[in-house]
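Participant: These are the residues of each chain, in order.
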Amino acid sequence: MCGIVGLFLKNPALKPALGRHVETMLIGMTERGPDSAGIAVYHSAVPEGQCKITLFNADTHYHWRGLAGQLADALDVETDIDQKGNHARLVAHCPEEKVLPWLRANHPDVRIMGYGQLMEVYKDMGLPADVSARYGLAGMEGSHAIGHTRMATESAVTTEHSHPFTPASDMCLVHNGSLSNHNNLRKWLRRQGQEFETDNDSEVAARYFAYRLQEGASLKEAMEAGLADLDGFFTFTMGTKDGFAVLRDGIACKPAVLAENDDWVAMASEFRSLAYLPNIEKAKIWEPAPAKVYTWTLH
Amino acid sequence: MNVIDLERTPLREVNQRLQGLPAETNERLWKLTNPHGEHALAVGLTQPIEVHIDGHIGYYCAGMNQKAKVVIHGQCGVGVAENMMSGEVVVKGTASSAAGATGQGGLLVIEGDAGTRCGISMKGLDIVVKGSVGAMSAFMAQSGSLVVCGDAGANLGDSIYEAKLYVRGSVESLGADCIEKKMTPHHLEKLAKLLKRAGIEADPKGFRRYGSKRSLYNFHVDNVDAY
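Line by line, the protein sequences give chains A and B. Letter 280 of the first sequence, counting from 1, is numbered 280 in our numbering, and no numbers are missing. If you want our numbering, it's the 1-based position in the second sequence plus 299.
The following block holds chain B by itself, in its conformation from the complex:
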């Protein structure tokens, strides 16, 4: 395992080293220590390496990730795994707002709670949160899945497109054009697979499903009050 101490190595150097690894690299396991809340750590990774971050980190950690697995052994700031393309990001602690924002693919697992706007404008990413999510989660979510084992805050799925939302606990309120939908065997199977991938033991039957009513897709003057 390669260990980099952020107290000794500047952030930019750490990122450049990880981003510059060739496809055939043998250096596949990395540990980053003493991050002390730095922003934009382990962003833009493109190779199937595994990076463990020991400690709490700042904004946009593991953003734009492709193929890599990034495990954060701590809490993280705004926008963890934002615009992720593929790979996997695991947060052992809690995440701040906008976790997984605009993510296009891959899997984001948050073992603690996530703040407001979790999965905002997600476009294909799968997010599994073991705890609860804050208000306005999955706002304008376009595709992918958001699984919440705890509760969801106010206005879940406001102006949602085709993302699938599964919540086990309570939902404070649903946002505009978001409705509860029937949990079919097809969805139960998909949810079970997601929970298994995230390493979370939970009975899919305990969840309820939410999604788009599809009434705000196109502008209609009768809907003007809902915008």
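The following block holds chain A by itself, in its conformation from the complex:
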């Protein structure tokens, strides 16, 4: 069982309060997921030509400064590192295409949680309130964020199996449900050049959408293609650099509620997570229809 939440701000005036609102949404999903939580936040963009990478190592005393120094020397670029809990946010003054291969080759001991120019990703064990406090979610400004809370029923609580999945630059996906054709799809995606980190079905969905977007599909087209190709139960919420999407399968037995007003769009597994959003009393609230694509894009 799990809870998913997403908030996409249409009104830039609300950006300073993004983290505060997403924190209450995440805490609202505590009963659906008390074991671990994950969050992807789109905020504080790095300038063109730089990249931002969120890294993980279970050891909170990991020598992050050493890693940043090695990277700076090896690639001859400026780097900056900021540790939060057992994660670190690395900024490098060069494109991610240079940094990611270096990290994979030289530091298999750290896990790449997400990358891009905007997105930061934090996943950790514990109650959503504790995870949020550990990473200072409430203080994060930004345009949109997607979160996940997990109740472990089938497998161990590990960061690599945790949502959100981040298959491409500034892209993340959370999934409530299970896919039945993920093995075949994984094989097919491997042939298209996609690389996998886990045997998880949600990672297949994430890389499927990443592949469609990479091939030039719009957010809406990628989602529509997913309806035809993904078999199973799902409520997805996906974030891109400037987009936000929600999709449910044709049976729609995994819960979802959408709410929207002029200032924001919010998605959650249950209304409890939406109850404290600003002006929720007057927002349009509805259950997303089965097999219907919902997308929003920043203008």
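Simulated from the structure, these hints should not be mistaken for lab results. Incorrect hints may appear among the rest.
As the list claims (entries may be wrong) - Some chain B residues close to chain A (C-beta under 8 Å, calculated; not the full set):
{"#": "1", "residue": "H335"}
{"#": "2", "residue": "S395"}
{"#": "3", "residue": "T415"}
For clarity, every value in this text was computed on a predicted model and none was experimentally measured. C-beta atoms are modelled at their ideal positions from N, C-alpha and C, and glycine is treated no differently.
Once you've looked at the hints, dock chain B against the given chain A.
Facilitator: Same frame as chain A, now just chain B:
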């Protein structure tokens, strides 16, 4: 009127207070404020009291209701009035999936739209929806009535038994063994009564009636493809 604020009183305490009211109680009018999407609010009521819920609520609100009238001034989550026995539940906003699931009696009125599987396996409850209902509504519905003033989603009345379905708008598709039936004066009269009870002004003549073809009642090997 008795007012309970759910920001100050735990959910379980609220339910126990309402469930524990004696038959001869004079405290017949209640208002519950700040529900903030809580699940299982005002469930298992057994006395003819009236409960108004001010705000949006979570799953299974007013489930297993007997005799009470529960009015939800907001939207509600999955399974509102599930397994209701008698009384009345009114939703002023929209309802999520499985509204009135397995309900055995009473009246459920939804003034907005209802999600998928509205009235799934209903067993005698009457449901009147002012808006539209989602896919798979009245799935395996056994008895009672489902009135839809708007449209019905795909596979309406799949594997239906003896429930009566009335739809004013379009029906995306009918489920297995569900067919359109003739609207007789008897059915027009029943529909008019239901609309009146629900406080909805609509001409019964504008509705079409659907029900069971009764060909899937017993297993027959020729029907195997339809299961």
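Participant: If a hint holds in the structure, say so; if it doesn't, say that too.
Facilitator: Hints and how they fare:
1. H335: 4 Å, holds
2. S395: Status holds, d = 5 Å.
3. T415: 6 Å, holds
Violated hints are absent here; each numbered hint is respected by the structure.
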